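Assemble the whole structure, with the sequences as input and the hints as a guide.
Protein sequence lines correspond, in order, to chains A and B.
Under the working numbering, the first residue of the first sequence carries the number 1, and numbering increases by one thereafter.
Under the working numbering, the first residue of the second sequence carries the number 1, and numbering increases by one thereafter.
No wet-lab data here; the hints were simulated from the structure.
Owing to the predicted nature of the structure, the values given are computational and were not obtained by experimental measurement.
Derived DEER-like restraints, expressed as beta-carbon distance ranges: (1) A/219 - B/97: 31 to 39 Å; (2) B/35 - A/281: 36 to 44 Å; (3) A/179 - B/153: 22 to 30 Å; (4) B/50 - A/281: 44 to 52 Å; (5) A/37 - B/121: 36 to 44 Å; (6) A/87 - B/119: 40 to 48 Å.
We put the beta carbon where it would ideally sit given N, CA and C, even for glycine.
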Amino acid sequence: MSPLRAVTTRWNALWFAPASPYPLAAFRILLGAYLVAYFATMLPHVTVLFSSHGVRAPWLVPDYAPPPLLAWSLYLLLCGAAFALLLGWRMAVTAPVLLGLYLHHYFLALAVKHSAFERLIVVYLLALWLGGSDRVWACSSRPAHPELKPTVPSFGARLLRFQTIVLYLGAGLWKAANAGWQSGVVLASTLQSMWATPLAFWWVRQGITPEGWATLSRLVIGGEILLAVLLWIPRTRYVGIALGVLFHVGNSVILSIPEFLVCIAPYVVFMPEAHVERIGARLRRLWLRTRSRAGA
Amino acid sequence: MSFVALVVVYGNLAVAFNPQKLGLAALPSLPTGFALRDAFLVTGMFTGYATHNSDPFLEGFVRDRFVPLDLREHFPLRAAITYTQLVAAHHTDMLGASAQRAVWAAYATQIKARHNRLHPDTPISRLRLGVVVFPQSPLGYRGAKLDGRTTRFLWYTDP
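Pasting the structure below:
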């Protein structure tokens, strides 16, 4: 086998080997729920954020803000597409439409904030679009033959795992190389900044010494790098998931950035495929039972 | 799919593990264009700090003097997000101070138009924006915002 062919074979085995569709479908549902909630927070401000009657700073594009009626229409389409993602309605249509609408709003008004989570959403949507995320647990999925187990290419889940591991490893290493993080001043300052919640200020009032801040900083840096390693190794993934959930929930309580909870959604693709399928089946049975009781 | 996988893998490796950002400037960096660097900048959150907090303000020129405007009428999201919008964080970090001034100029035009549309009885002909800065305090965001401990910075006046 030629070296080029060997590389191609390995590449294809890495990205396109058949995999269970359940983890990606679960991620689609979680991301859909997140996006519906995230976009809903903008509902009272559509005119000022996204229309020509508002105030915005487009990123790298001319100011194409539409008049209010069209801005509202595009926003409602965005919310509808996010809901269709949650339900799993025809991903070949929903995902590119949602991605297009999201990029419209991103370049027009959201990009100015320079937020990492908004870039992650684009990668997440690409994984869902191309990965076959509506194969199961989707309102447009066709029932599979009872003797055939449904599969999708491993592309979607692998892309999400890679992006998540790089996120934590990179964030940890950037902080480790940052003098302000090494000394603890960045952490101490952030917990008294505009992002800090009352709990963060309470924590600062406990009189932590400079050495204490440096130690806490090292814990954050070490925690982020450890999180990447734990998620990477299959046997330690559940520990990584627990640590990650703790980290993000803690972040949301100490800093007023609940948007970063989106990083929890891809954790489901780190879980064993059979576990995701079993948990999903249980939740589905519970849902059907609740619905039949409510009907009776 | 292969193309997307290649771009995501390369973009992440080139940006997240850029030797210059990791304090290893002697090592060579993977080549990245502006677009790739911007698209995959996901690991650099909270790498800077300040010893002060600030409250942004907007003032409009009505008849013969500047009067304060309601900031939330033009920037309705929570205070921290408003600050990143006003400081034009993305434009400033990636393109520099001239891009920031261009955003302020655009804001000024849009805010004047919006204000005059919403308040035709008190139209403004000029606008200025800036911040009142005060030291950080464990007592709360504005815990140290006392008279004499604040400094006012005017960022932009239009025209």
